[in-house]
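Undergrad: From first to last, the protein sequence lines are chains A and B.
For the first sequence, counting from 1, position 46 maps to 46 in this note's numbering; every step adds exactly one.
For the second sequence, counting from 1, position 520 maps to 520 in this note's numbering; every step adds exactly one.
Heads up, some of the hints might be wrong.
No distinction is drawn between identical chains; accordingly, a pair holds when it is met within one copy or between any pair of copies.
Claimed, not checked - The calculated lysine-lysine pairs, modelled on DSBU-like cross-linking and capped at a C-alpha distance of 30 Å, are:
hint, residue 1, residue 2
1, K200, K500
2, K500, K414
3, K527, K200
4, K23, K527
5, K519, K23
6, K414, K200
7, K23, K414
8, K23, K500
9, K200, K519
Quick caveat, the hints were computed from the structure, so don't treat them as lab data.
Number of protein chains: 2
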Amino acid sequence: MPLTAFWHPLRVQVRDYLQACLKDDLAAALVVSVLLIPQSLAYAMLAGLPPQVGLYASLLPPLMYALLGSSPFLNVGPVAVLALMILQTLQLAPAGVSPSEAALVLAAEVGLLLGAAALLRLDALAALLSVPVLHGFETGATIAIAASQLPVLLGAQASGANLPELWSSARSHGFEAQGIASLFGIVALLALLAVRRLPKGLPARMAPLGVLLIGILAAWALDPQGLARVGTLPPLALHLTVPRLNTHLWMTMLPGAALIALLGYVSSLAVAESLARRVGQRVFPRRELMGLAGANLAAALTGGMPAAASFSRSVLMSDAGSRTRMTGVFVAGLMGLALVTLSPLLAWCPKPVLAASIMAAVLAGVSLQPYRDAWRYDRAEALLMTVVTLLVLGVSITAALGLGVLGAIALLLKRSARPHVALIGRIPGTEHYRNVERYQVELDPEVMGLRIDESLLFLNGRSLADVVQAHLDTRPGTRRVLLQMSPVNSIDFSGLSALKDLHEALARQGRRLDLSEVKGPVLDRLKAGGWDDWFCGRLFMSHHQGMRDEH
Amino acid sequence: MPLTAFWHPLRVQVRDYLQACLKDDLAAALVVSVLLIPQSLAYAMLAGLPPQVGLYASLLPPLMYALLGSSPFLNVGPVAVLALMILQTLQLAPAGVSPSEAALVLAAEVGLLLGAAALLRLDALAALLSVPVLHGFETGATIAIAASQLPVLLGAQASGANLPELWSSARSHGFEAQGIASLFGIVALLALLAVRRLPKGLPARMAPLGVLLIGILAAWALDPQGLARVGTLPPLALHLTVPRLNTHLWMTMLPGAALIALLGYVSSLAVAESLARRVGQRVFPRRELMGLAGANLAAALTGGMPAAASFSRSVLMSDAGSRTRMTGVFVAGLMGLALVTLSPLLAWCPKPVLAASIMAAVLAGVSLQPYRDAWRYDRAEALLMTVVTLLVLGVSITAALGLGVLGAIALLLKRSARPHVALIGRIPGTEHYRNVERYQVELDPEVMGLRIDESLLFLNGRSLADVVQAHLDTRPGTRRVLLQMSPVNSIDFSGLSALKDLHEALARQGRRLDLSEVKGPVLDRLKAGGWDDWFCGRLFMSHHQGMRDEH
Numbered sequence: 001m002p003l004t005a006f007w008h009p010l011r012v013q014v015r016d017y018l019q020a021c022l023k024d025d026l027a028a029a030l031v032v033s034v035l036l037i038p039q040s041l042a043y044a045m046l047a048g049l050p051p052q053v054g055l056y057a058s059l060l061p062p063l064m065y066a067l068l069g070s071s072p073f074l075n076v077g078p079v080a081v082l083a084l085m086i087l088q089t090l091q092l093a094p095a096g097v098s099p100s101e102a103a104l105v106l107a108a109e110v111g112l113l114l115g116a117a118a119l120l121r122l123d124a125l126a127a128l129l130s131v132p133v134l135h136g137f138e139t140g141a142t143i144a145i146a147a148s149q150l151p152v153l154l155g156a157q158a159s160g161a162n163l164p165e166l167w168s169s170a171r172s173h174g175f176e177a178q179g180i181a182s183l184f185g186i187v188a189l190l191a192l193l194a195v196r197r198l199p200k201g202l203p204a205r206m207a208p209l210g211v212l213l214i215g216i217l218a219a220w221a222l223d224p225q226g227l228a229r230v231g232t233l234p235p236l237a238l239h240l241t242v243p244r245l246n247t248h249l250w251m252t253m254l255p256g257a258a259l260i261a262l263l264g265y266v267s268s269l270a271v272a273e274s275l276a277r278r279v280g281q282r283v284f285p286r287r288e289l290m291g292l293a294g295a296n297l298a299a300a301l302t303g304g305m306p307a308a309a310s311f312s313r314s315v316l317m318s319d320a321g322s323r324t325r326m327t328g329v330f331v332a333g334l335m336g337l338a339l340v341t342l343s344p345l346l347a348w349c350p351k352p353v354l355a356a357s358i359m360a361a362v363l364a365g366v367s368l369q370p371y372r373d374a375w376r377y378d379r380a381e382a383l384l385m386t387v388v389t390l391l392v393l394g395v396s397i398t399a400a401l402g403l404g405v406l407g408a409i410a411l412l413l414k415r416s417a418r419p420h421v422a423l424i425g426r427i428p429g430t431e432h433y434r435n436v437e438r439y440q441v442e443l444d445p446e447v448m449g450l451r452i453d454e455s456l457l458f459l460n461g462r463s464l465a466d467v468v469q470a471h472l473d474t475r476p477g478t479r480r481v482l483l484q485m486s487p488v489n490s491i492d493f494s495g496l497s498a499l500k501d502l503h504e505a506l507a508r509q510g511r512r513l514d515l516s517e518v519k520g521p522v523l524d525r526l527k528a529g530g531w532d533d534w535f536c537g538r539l540f541m542s543h544h545q546g547m548r549d550e551h
Numbered sequence: 001m002p003l004t005a006f007w008h009p010l011r012v013q014v015r016d017y018l019q020a021c022l023k024d025d026l027a028a029a030l031v032v033s034v035l036l037i038p039q040s041l042a043y044a045m046l047a048g049l050p051p052q053v054g055l056y057a058s059l060l061p062p063l064m065y066a067l068l069g070s071s072p073f074l075n076v077g078p079v080a081v082l083a084l085m086i087l088q089t090l091q092l093a094p095a096g097v098s099p100s101e102a103a104l105v106l107a108a109e110v111g112l113l114l115g116a117a118a119l120l121r122l123d124a125l126a127a128l129l130s131v132p133v134l135h136g137f138e139t140g141a142t143i144a145i146a147a148s149q150l151p152v153l154l155g156a157q158a159s160g161a162n163l164p165e166l167w168s169s170a171r172s173h174g175f176e177a178q179g180i181a182s183l184f185g186i187v188a189l190l191a192l193l194a195v196r197r198l199p200k201g202l203p204a205r206m207a208p209l210g211v212l213l214i215g216i217l218a219a220w221a222l223d224p225q226g227l228a229r230v231g232t233l234p235p236l237a238l239h240l241t242v243p244r245l246n247t248h249l250w251m252t253m254l255p256g257a258a259l260i261a262l263l264g265y266v267s268s269l270a271v272a273e274s275l276a277r278r279v280g281q282r283v284f285p286r287r288e289l290m291g292l293a294g295a296n297l298a299a300a301l302t303g304g305m306p307a308a309a310s311f312s313r314s315v316l317m318s319d320a321g322s323r324t325r326m327t328g329v330f331v332a333g334l335m336g337l338a339l340v341t342l343s344p345l346l347a348w349c350p351k352p353v354l355a356a357s358i359m360a361a362v363l364a365g366v367s368l369q370p371y372r373d374a375w376r377y378d379r380a381e382a383l384l385m386t387v388v389t390l391l392v393l394g395v396s397i398t399a400a401l402g403l404g405v406l407g408a409i410a411l412l413l414k415r416s417a418r419p420h421v422a423l424i425g426r427i428p429g430t431e432h433y434r435n436v437e438r439y440q441v442e443l444d445p446e447v448m449g450l451r452i453d454e455s456l457l458f459l460n461g462r463s464l465a466d467v468v469q470a471h472l473d474t475r476p477g478t479r480r481v482l483l484q485m486s487p488v489n490s491i492d493f494s495g496l497s498a499l500k501d502l503h504e505a506l507a508r509q510g511r512r513l514d515l516s517e518v519k520g521p522v523l524d525r526l527k528a529g530g531w532d533d534w535f536c537g538r539l540f541m542s543h544h545q546g547m548r549d550e551h
């Protein structure tokens with residue numbers, strides 16, 4: 001795509017701005033920033049990183065997404081689920097590397113992987129995460145995040161990235177909570193949950209920042225002993241940070257980076273699609289890949305951590321009336337302003353209140369309905385969803401996503417291992433042929449008509465000869481097999497081999513293989529691939545013509 | 001499956017034996033044993049194991065396969081490609097474990113994995129290895145095997161499981177060959193290659209054993225210094241060997257065992273299918289899984305190594321007229337006899353002659369034709385095939401198969417990421433609807449008819465709403481969308497979510513979604529899954545009826 005393709009729409013937008021969209025976008029940016037300030041601090045804490053890392057990840061990434069991305073609704077920055085994945089990945093960093101340094105490497109890798117995927121047009125990889133795997137993962141991650149924040153909320157000492165780790169850590173500390181921290185945390189959590197019940201509007205939108213401010217004021221006024229606070233943030237110093245070029249560090253971060261890139265892309269794309277569908281717009285997956293790649297490289301070069309589109313903030317941005325991607329530019333500006341002016345205030349922010357804001361944000365998304373729906377529809381898929389959730393809670397995100405993807409592929413293989421091939425006969429008095437199992441049709445004693453009902457790919461190709469043989473076993477008098485190919489949209493190299501094997505098997509049995517109604521593009525490919533070198537049968541334009549052939 | 005299902009066919013066969021098949025099966029067993037003796041010694045050497053391990057892997061495994069398997073043509077025992085995989089896997093065994101002990105663990109794991117796959121009905125996993133991956137792998141493995149035998153053939157000191165390892169090992173030994181070994185090896189190789197040109201028949205079949213015998217006699221008569229020989233075999237002692245129960249050892253062998261199981265199963269199934277097709281018979285993948293599981297467990301318990309069906313020996317067995325699985329029982333008996341009587345003779349067998357027999361056996365299978373065919377048909381798949389070959393040669397079988405499977409899935413995702421959805425219109429004066437791009441049809445200005453041409457699965461589901469939106473963008477006056485579902489054979493949970501998303505998106509745009517000609521089984525599943533709870537459109541038996549609906 002030429003560079004002008006990025007710049008041109010932006011230029012047009014800027015020109016129309018003063019008349020049409022400026023006010024809406026600025027308002028949306030304000031609303032989003034109000035939520036982004038507590039979230040950026042909280043998600044950095046969740047990822048085991050200093051709070052300013054979250055703020056830096058909220059500055060340039062939305063700006064880069066505005067330049068390169070495609071959706072006017074996405075807010076790109078720190079995300080809760082990614083924060084948990086970052087925490088687990090950083091645990092693997094070699095000794096002597098600080099978490100902040102490792103986070104830069106991770107963000108750089110995520111950006112490079114997404115950029116490579118955009119260049120190689122691998123946007124289709126989003127399909128790897130099927131709905132059961134995604135639902136199962138998100139629920140598990142949400143519960144794991146909420147559980148990991150519970151000790152912070154209560155001022156306790158436990159920590160861990162999954163439930164068994166948390167449990168054993170809590171047990172070794174004797175399950176001790178701290179009164180003053182618990183008070184701040186529980187009150188903040190109850191307040192946030194109560195505000196949820198308000199109708200949508202300004203009060204509901206301001207609630208997260210309001211609770212944060214009240215918490216800060218209370219901490220400042222009472223100054224209770226032993227209450228953990230965010231602490232002094234370093235002054236805004238947006239300079240170039242270059243991730244360490246250490247091969248060992250890059251290699252150990254790579255598997256985590258690949259999963260963060262995949263999940264960040266898929267979840268951002270899902271948010272963008274769902275918001276675009278509301279207004280009948282379309283989403284361009286490659287542009288999303290580029291926007292996220294740019295955002296993560298920006299995070300890596302300016303002291304941030306891996307970023308993606310946040311579901312809650314993007315919905316807010318859409319509801320608040322954002323019209324163009326310029327909203328992202330305003331968000332970046334407002335966050336920069338906040339960093340300069342609010343630092344002394346944010347230093348007083350009590351960590352239990354931040355923990356409460358994380359828990360309130362993620363728990364809103366937990367629903368068991370998808371499990372019930374999946375169970376009603378397909379038990380194997382419901383089982384897969386549950387296993388993925390349990391793996392996230394009990395083992396790790398890597399194990400959950402890895403086994404989830406493999407499980408989905410195994411289910412797909414099971415489902416598609418045998419191609420759907422119907423025995424078809426003639427509807428008396430017509431030239432139409434239909435499935436013998438559903439229609440009263442006439443069969444020819446010597447010519448067997450079969451309809452292949454799907455594309456021939458490596459998933460189902462290897463069973464083709466066997467499926468045809470099973471039909472032949474029921475009608476041993478067959479002298480010729482005529483395959484109706486009209487439903488076949490594509491044939492891959494394995495499918496071609498399957499046709500060749502079938503052709504050869506029938507030839508050995510003294511039976512001829514003919515084809516009818518092969519789609520144009522499919523036939524072109526077959527001919528280019530040397531089909532005429534080995535195929536001894538005939539091709540017919542219509543199945544009826546093929547059935548009547550007397551050669 | 002009840003036990004009688006295994007025993008009954010066997011009993012019937014035994015009863016008919018004396019009249020009909022005994023002679024044919026005995027003759028086939030003799031011919032196969034003649035090839036199996038040199039191959040079992042050679043493949044054990046290739047796997048870095050003592051020669052008797054190969055002989056033990058040729059004893060009970062064919063017997064167990066005869067009991068549990070389904071094909072009358074397969075000879076199960078040591079296989080060249082698996083031997084290379086065993087060599088690479090045994091390199092990972094922890095210190096203090098002998099290769100023979102590790103081979104028992106490996107065979108036990110392969111047997112247990114195949115048995116578990118049979119119980120879980122996972123026979124469809126064979127489709128994981130697409131034709132390009134399988135071809136690419138086999139060619140690479142064949143060349144790597146031949147290269148690894150070259151130093152043995154020439155009496156040189158180099159060793160290694162891939163080309164870079166072999167090269168650096170040979171260089172560190174100064175590329176020195178040994179005159180007498182080279183003489184034995186090269187003469188044997190030339191003799192074996194020359195015999196290849198003989199017409200099929202007794203002389204051609206006896207050639208491998210003949211060359212071996214001449215080599216043995218020459219070694220015995222000349223007794224040249226420095227010629228490596230097989231050496232004294234321990235006397236036949238078929239007792240129970242129990243694989244070591246060491247968790248660490250089992251865990252390190254597991255990934256290799258999984259690949260050996262997958263590859264052994266897929267290659268055996270492919271041989272069985274190709275031999276069955278010749279005579280119009282069918283193969284039962286689950287029975288093959290059970291037969292191979294039994295064979296590998298037998299190998300683990302009697303001092304052998306992982307076993308599978310050998311392509312060359314199975315073709316020989318089929319050509320020699322094997323009629324029933326009893327042939328396997330006779331092979332086991334003959335191999336036992338050979339172990340007892342031929343041990344002193346085999347001890348004199350020169351290793352360069354064995355190396356020549358390996359090279360001659362595997363090089364027969366190398367062909368560049370599949371690469372050319374794939375290149376003509378699909379460049380991406382040809383590239384995948386080549387990359388897999390290069391990975392086998394340059395890195396390892398694990399890397400090659402792992403990346404090969406991922407690459408095939410990536411190509412599949414790319415190919416199927418967008419569901420095939422055609423805009424259809426009415427053929428004037430009829431009730432038939434066809435693709436507007438191929439037929440002269442009438443379109444309704446307000447009702448858009450779309451035909452979904454494939455099953456809705458997680459691979460393509462997520463793009464459904466986008467594909468429909470793209471059609472809507474060309475006809476913004478559309479008030480209602482009618483999807484013709486007759487080509488849809490199945491809808492998984494992700495596909496159901498895609499339909500739901502599409503339904504919701506259209507509702508938000510004030511458009512209704514209707515369906516026509518939904519297949520019976522698909523509709524049943526949708527209804528069981530709570531379809532009526534959210535679907536506001538209508539279902540029509542025929543597309544024409546749906547287009548004319550005035551509600």
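Undergrad: Run every hint past the structure and note whether it holds.
TA: Hint-by-hint comparison with the structure:
1. K200 / K500: between (63 Å within a copy, 25 Å between copies)
2. K500 / K414: both (23 Å within a copy, 24 Å between copies)
3. K527 / K200: Result: close neither inside a copy nor across copies, 61 Å intra and 35 Å inter.
4. K23 / K527: neither (60 Å within a copy, 47 Å between copies)
5. K519 / K23: Neither. Shortest intra-copy (53 Å) and inter-copy (51 Å) distances fail the 30 Å Cα cut-off.
6. K414 / K200: Result: close neither inside a copy nor across copies, 46 Å intra and 41 Å inter.
7. K23 / K414: neither (54 Å within a copy, 41 Å between copies)
8. K23 / K500: neither (65 Å within a copy, 35 Å between copies)
9. K200 / K519: So K200 and K519 fail the 30 Å test inside a copy (53 Å) and across (43 Å) alike.
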